[in-house]
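Could you build all of it, start to finish, from the sequences and the hints given here?
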Amino acid sequence: DVKVTQSSRYLVKRTGEKVFLECVQDMDHENMFWYRQDPGLGLRLIYFSYDVKMKEKGDIPEGYSVSREKKERFSLILESASTNQTSMYLCASSSIYTEAFFGQGTRLTVV
Amino acid sequence: AQTVTQSQPEMSVQEAETVTLSCTYDTSESDYYLFWYKQPPSRQMILVIRQEAYKQQNATENRFSVNFQKAAKSFSLKISDSQLGDAAMYFCAYGANSKLTFGKGITLSVRP
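Those protein sequence lines, which keep their order, are chains A and B. The numbers in my numbering rise by one with no breaks, and the one at position 9 of the first sequence is 9. Residues are numbered in my numbering as their position in the second sequence, beginning at 1, plus a constant of 1000.
Keep in mind that the hints were calculated from the coordinates and are not lab data. Among the clues, some could well be false.
[Unchecked claim] Just the calculated beta-carbon pair ranges, DEER-fashion:
| hint | chain 1 | residue 1 | chain 2 | residue 2 | range |
| --- | --- | --- | --- | --- | --- |
| 1 | B | ALA1072 | A | ILE96 | 25 to 33 Å |
| 2 | B | SER1012 | A | TYR10 | 30 to 38 Å |
| 3 | B | SER1074 | A | ASP59 | 17 to 25 Å |
| 4 | A | GLN104 | B | ALA1071 | 35 to 43 Å |
| 5 | A | THR109 | B | LEU1047 | 25 to 33 Å |
| 6 | B | THR1107 | A | GLU69 | 37 to 45 Å |
| 7 | B | GLN1056 | A | TYR97 | 40 to 48 Å |
| 8 | B | SER1109 | A | SER8 | 24 to 32 Å |
| 9 | B | GLN1069 | A | SER80 | 44 to 52 Å |
[What the hints assert, rightly or not] Listing some non-contacts, in silico: residues in chain B with all C-beta distances to chain A over 12 Å:
| hint | residue |
| --- | --- |
| 10 | SER1030 |
| 11 | PHE1068 |
| 12 | ASP1086 |
Keep in mind that this is a model prediction, so the values were computed, not measured. For glycine and all other residues, C-beta sits at the position ideal for the given N, C-alpha and C.
The structure is reproduced here in structure tokens:
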């Protein structure tokens, strides 16, 4: 079975903290994605990566950065967390020709 | 930019009946994929069905089928013989050039 693992299920961070959300996949997928999910807004793409060290901005990249140093790992970084970044964060991976497989999600609360 | 539109935020269906969830998309690409995902209360995203744009035949997976109208850029999901376990949020998604874009989702409730 394909496995996409996010490092935390729940996180609580303070305003201004630097936050790292980690995602690891075990299927040698080329593509990896970070989304945030908010009620009424669906899944909005923050960043995606199609290869090691390659990244592309999604629809809402402001306030976020990403890192992909190894093929299996894709990290989302909040340089200075703010309360409007409180959300559910979903990581996914896919190969070029397959559907995306998702992690279990991280519920981040910024206080 | 590619966009995916799900205009109905909620729908309800009687158990054992059929329901259709609508989705439209906008793209200038000719080669792409379309997906329907289900998200139950557990929050785990589950693939329901996928459709390659180059295939004219509509995809089918057991009780789930799609009506893919490429010219109209429409991709609706039909659920037949609805079951209580079908109650969830459903997302339509579009994939091309390594990018995957989702709609806002629709909440489906199933009445016993």
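Hint check results:
no.: 1; hint: B:ALA1072 with A:ILE96: 25 to 33 Å; in the structure: holds (27 Å)
no.: 2; hint: B:SER1012 with A:TYR10: 30 to 38 Å; in the structure: holds (31 Å)
no.: 3; hint: B:SER1074 with A:ASP59: 17 to 25 Å; in the structure: holds (22 Å)
no.: 4; hint: A:GLN104 with B:ALA1071: 35 to 43 Å; in the structure: holds (38 Å)
no.: 5; hint: A:THR109 with B:LEU1047: 25 to 33 Å; in the structure: holds (29 Å)
no.: 6; hint: B:THR1107 with A:GLU69: 37 to 45 Å; in the structure: holds (38 Å)
no.: 7; hint: B:GLN1056 with A:TYR97: 40 to 48 Å; in the structure: violated (18 Å)
no.: 8; hint: B:SER1109 with A:SER8: 24 to 32 Å; in the structure: holds (31 Å)
no.: 9; hint: B:GLN1069 with A:SER80: 44 to 52 Å; in the structure: holds (46 Å)
no.: 10; hint: SER1030; in the structure: holds (16 Å)
no.: 11; hint: PHE1068; in the structure: holds (16 Å)
no.: 12; hint: ASP1086; in the structure: holds (19 Å)
Violated hints amount to a single one, hint 7; each of the other numbered hints is respected by the structure.
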